[in-house]
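Asker: Protein chains in written order, with UniProt numbering: chain A, 1 to 204; chain B, 1 to 62; chain C, 1 to 222; chain D, 1 to 248.
Derived from the structure by calculation, the hints contain no laboratory data. Be aware that one or more of the hints could be misleading.
[Stated by the list, open to error] In silico lysine to aspartate or glutamate, EDC-like type, Cα no more than 16 Å apart, as pairs: (1) C:Lys218 <-> A:Glu70; (2) D:Lys240 <-> B:Glu56; (3) C:Lys218 <-> D:Asp153; (4) C:Lys14 <-> A:Glu88; (5) A:Lys136 <-> A:Glu88; (6) B:Lys50 <-> D:Glu231.
[Claimed, not checked] Sample of chain C residues with no beta-carbon within 10 Å of chain A, all distances over it, derived: (7) Phe29; (8) Ala73; (9) Pro90.
Quick caveat, the model's predicted, so the values are computed rather than measured. Using N, Cα and C, we set each Cβ at its ideal position, and we do this for glycine too.
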Amino acid sequence: MLEADNLECVRGERRLFAGLGFKLEAGELLYLQGRNGAGKTSLLRMIIGLLPPEAGEIRWKGQSIRRNSEDFRADLCYLGHLNAIKEELTPLENLLASAHLADEALSEDDALDALEQVGLAGREDLACKYLSQGQKRRVALARLVKERRPLWVLDEPFVALDVAAVDWLAGIISGHLQRGGLAVMTTHQLVAIPAGTVRELKLS
Amino acid sequence: MIYWNSFADFLHMGGYGFYVWGSFGVTALIMAVEPILVARNRKTTIARLKRQLRAESRTPTE
Amino acid sequence: MLKIIFAVIGRDLKLAMRRQADIVSALFFFVIVVSLFPLGIGPEPDLLRKLAPGVLWVAALLATMLSLPRLFADDHRDGTLEQLALAPHPLGLVVTGKVIAHWLVSGLPLALIAPVLGVQFDLTGDGLFVLTAAILLGTPALSGIGAIGAALTLGLRGGGVLLSLLVLPLYIPVLIFGAGAVDATVSGLGGEGHLSLLAAMTFASLGFAPWASAAALKIALE
Amino acid sequence: MKDRFNLYRFASPATFYPLAGTLIPYFAAIAVLFGIAGLYLGMLVAPTDFQQGEGYRIIFIHVPASWMSMFIYLVMAFWAAIGLAFNTRLSGMMAQALAPTGALMAFLSLWTGALWGKPMWGTWWVWDARLTSELILLFLYIGYMALTAAIDDPRRADKAGGLLLLVGVVNIPIIYFSVKWWNTLHQGSSVNLTKSSMATTMLYGMLLMAMCFWMYSIAVALMRVRTIMLERERNADWVKAELAGDVQ
Numbered sequence: 001m002l003e004a005d006n007l008e009c010v011r012g013e014r015r016l017f018a019g020l021g022f023k024l025e026a027g028e029l030l031y032l033q034g035r036n037g038a039g040k041t042s043l044l045r046m047i048i049g050l051l052p053p054e055a056g057e058i059r060w061k062g063q064s065i066r067r068n069s070e071d072f073r074a075d076l077c078y079l080g081h082l083n084a085i086k087e088e089l090t091p092l093e094n095l096l097a098s099a100h101l102a103d104e105a106l107s108e109d110d111a112l113d114a115l116e117q118v119g120l121a122g123r124e125d126l127a128c129k130y131l132s133q134g135q136k137r138r139v140a141l142a143r144l145v146k147e148r149r150p151l152w153v154l155d156e157p158f159v160a161l162d163v164a165a166v167d168w169l170a171g172i173i174s175g176h177l178q179r180g181g182l183a184v185m186t187t188h189q190l191v192a193i194p195a196g197t198v199r200e201l202k203l204s
Numbered sequence: 001m002i003y004w005n006s007f008a009d010f011l012h013m014g015g016y017g018f019y020v021w022g023s024f025g026v027t028a029l030i031m032a033v034e035p036i037l038v039a040r041n042r043k044t045t046i047a048r049l050k051r052q053l054r055a056e057s058r059t060p061t062e
Numbered sequence: 001m002l003k004i005i006f007a008v009i010g011r012d013l014k015l016a017m018r019r020q021a022d023i024v025s026a027l028f029f030f031v032i033v034v035s036l037f038p039l040g041i042g043p044e045p046d047l048l049r050k051l052a053p054g055v056l057w058v059a060a061l062l063a064t065m066l067s068l069p070r071l072f073a074d075d076h077r078d079g080t081l082e083q084l085a086l087a088p089h090p091l092g093l094v095v096t097g098k099v100i101a102h103w104l105v106s107g108l109p110l111a112l113i114a115p116v117l118g119v120q121f122d123l124t125g126d127g128l129f130v131l132t133a134a135i136l137l138g139t140p141a142l143s144g145i146g147a148i149g150a151a152l153t154l155g156l157r158g159g160g161v162l163l164s165l166l167v168l169p170l171y172i173p174v175l176i177f178g179a180g181a182v183d184a185t186v187s188g189l190g191g192e193g194h195l196s197l198l199a200a201m202t203f204a205s206l207g208f209a210p211w212a213s214a215a216a217l218k219i220a221l222e
Numbered sequence: 001m002k003d004r005f006n007l008y009r010f011a012s013p014a015t016f017y018p019l020a021g022t023l024i025p026y027f028a029a030i031a032v033l034f035g036i037a038g039l040y041l042g043m044l045v046a047p048t049d050f051q052q053g054e055g056y057r058i059i060f061i062h063v064p065a066s067w068m069s070m071f072i073y074l075v076m077a078f079w080a081a082i083g084l085a086f087n088t089r090l091s092g093m094m095a096q097a098l099a100p101t102g103a104l105m106a107f108l109s110l111w112t113g114a115l116w117g118k119p120m121w122g123t124w125w126v127w128d129a130r131l132t133s134e135l136i137l138l139f140l141y142i143g144y145m146a147l148t149a150a151i152d153d154p155r156r157a158d159k160a161g162g163l164l165l166l167v168g169v170v171n172i173p174i175i176y177f178s179v180k181w182w183n184t185l186h187q188g189s190s191v192n193l194t195k196s197s198m199a200t201t202m203l204y205g206m207l208l209m210a211m212c213f214w215m216y217s218i219a220v221a222l223m224r225v226r227t228i229m230l231e232r233e234r235n236a237d238w239v240k241a242e243l244a245g246d247v248q
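Construct the complete structure from the given sequences, taking the supplied hints into account.
Answerer: This is the structure we're talking about:
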């Protein structure tokens, strides 16, 4: 499904990696590892198509993601280290707005349900600027609850989550893999994902 | 062939000397200074890059 | 295609409504700058009438510049810009929506308050009408061209000043025809020609600028 | 196919750097020759202009400087288009190397225009279409240089600057015609290659001076681009080899 060939990444004047490739099939999870500055985030940005690789190609369902970018983006869900939520909007509005902009059907009930799952029941109508950092992160993660697009790209999803939340998120990701989804993520802590095949890619 | 009767006429430019020579003077100045600045910039850049190169070869990074 | 544009407009308007202070302060900036001019140049009605179009237009340009740096910067800072760029639509359409929303909260209020300020400058019926029409027709072009500058300077040090440096020269045609329309009307020549040129510029820039801005945003997001 | 190959070969900094180094003295020499010939014709041989007296001689630098200021902007936009389309490294460097020279040409055009305007129109500055457009062109140059200087990553600087240049090129005609419409005080275009209102010696003098400015601009831009190349490619092997040798 998702393949990368011979990728090369140059940032500034440093070559972060070259000749990098991987293959990921339905139900598989790819862990990107490496110390800080090894190019994990750059590789993630290449995979989501924001950073053009210096050399090489990434293909989704056999098609180059740069050529068929709109079809690819329709299958992609990206969660960056920024929460991508608007402080002025309530958690509910945030969820609905991001689904709306991504052309996804998300009913208000589903959105409320997702917020309840991340433990934000009762705060749906409070502007996000009144929430704590952890709660804001959970608003961002709530997007994943009803997310059915096949490819998830997650940048450090477990950071700053308590143990219960880590377990919950691992469950969400395995559910996604069980449904035949794919996931690529960077992480410092290796979290056991109960379902799916886990592959690792070490950037040195 | 040459239009001017004397050098003084040439400098005087029929009363427009200030304007004509003001234009030509500034142009000449710029065209002389710009290459000098570019050349100097080149020299300092090369010197700096050489220093960096030497520093790198002394302490191999990573 | 229209759906995504409306979705973006709806979101940006909702955000702007939650942050009305920004709209109001840009509007007050416009009012204050315009009101300072008579204090600087004297109260003779003839002189003021002559200066009115230029003063109002320059103030409108500056008021637009005030809100431009935040056009993409807020979305960039909280990560929503990435999400917009990853939405399964051409980014140019998203930017079109943002430009229209920017005009609705920054250009439209200027046009609405311009007649009141025109009265301060002793403009009369026709002049006031054409002034309003010109600002109404010309400000979308300001938002559009400004979006290119905002996208190019996204995330840079001193982005605001740089933005003015890049964008203000490109605003000159709008300024000339915008102020010219009022001048022509006041002097009895009729401002229709200017207004149609302004409208042409607005359509051209709304067609062209979002795509140039989208290209600049992609560069900034790399 | 063969041309394409050559283009790519010369677009590589490692090839272009020594080539530029060899070419610079030639361009400089040609510029000096054209300059001498142009000044001889324009300043010594050409007769006076019956309308403007000797003051018209400013034309021999005013017009070439104005031409070059516009031409350089077009060349920069050309490089920008190439760079954005083919992602070649050289194009951005060329655009950046040309910008300061273009800005200086625009400045010279304004300076000489003012010195010409004072005796002819009695004022240093008139808001006429060409002077105003030239001023705006200078702003565009400054904007380009400020933008590329503000971006740390050279590739992003190239791309963003390139985009700005293309936007500028689209806008220049619009700006020019709007300013022209706004005020047409200036005398009509005085150079017309088919039917010239100027004496032939004057025309030749001016064309020679234009060639001189052109060659000068190329020489200076090549000098500058060589420095930019060393700086940008400092980790490439050819630069290290170059620096290890005795570079000047």
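Asker: Does each hint fit the structure? Answer for all of them.
Answerer: Going down the list of hints, with the structure as the test:
1. C:Lys218 <-> A:Glu70: Within the cut-off at roughly 14 Å; holds.
2. D:Lys240 <-> B:Glu56: holds, 11 Å
3. C:Lys218 <-> D:Asp153: holds, 14 Å
4. C:Lys14 <-> A:Glu88: holds, 9 Å
5. A:Lys136 <-> A:Glu88: Given that 16 Å is the threshold and the Cα spacing comes to 12 Å, the pair holds.
6. B:Lys50 <-> D:Glu231: With Cα atoms ~11 Å apart, B:Lys50 and D:Glu231 stay inside 16 Å; holds.
7. Phe29: holds, 22 Å
8. Ala73: At about 13 Å from chain A, C:Ala73 clears the 10 Å cut-off, so the statement holds.
9. Pro90: violated, 7 Å
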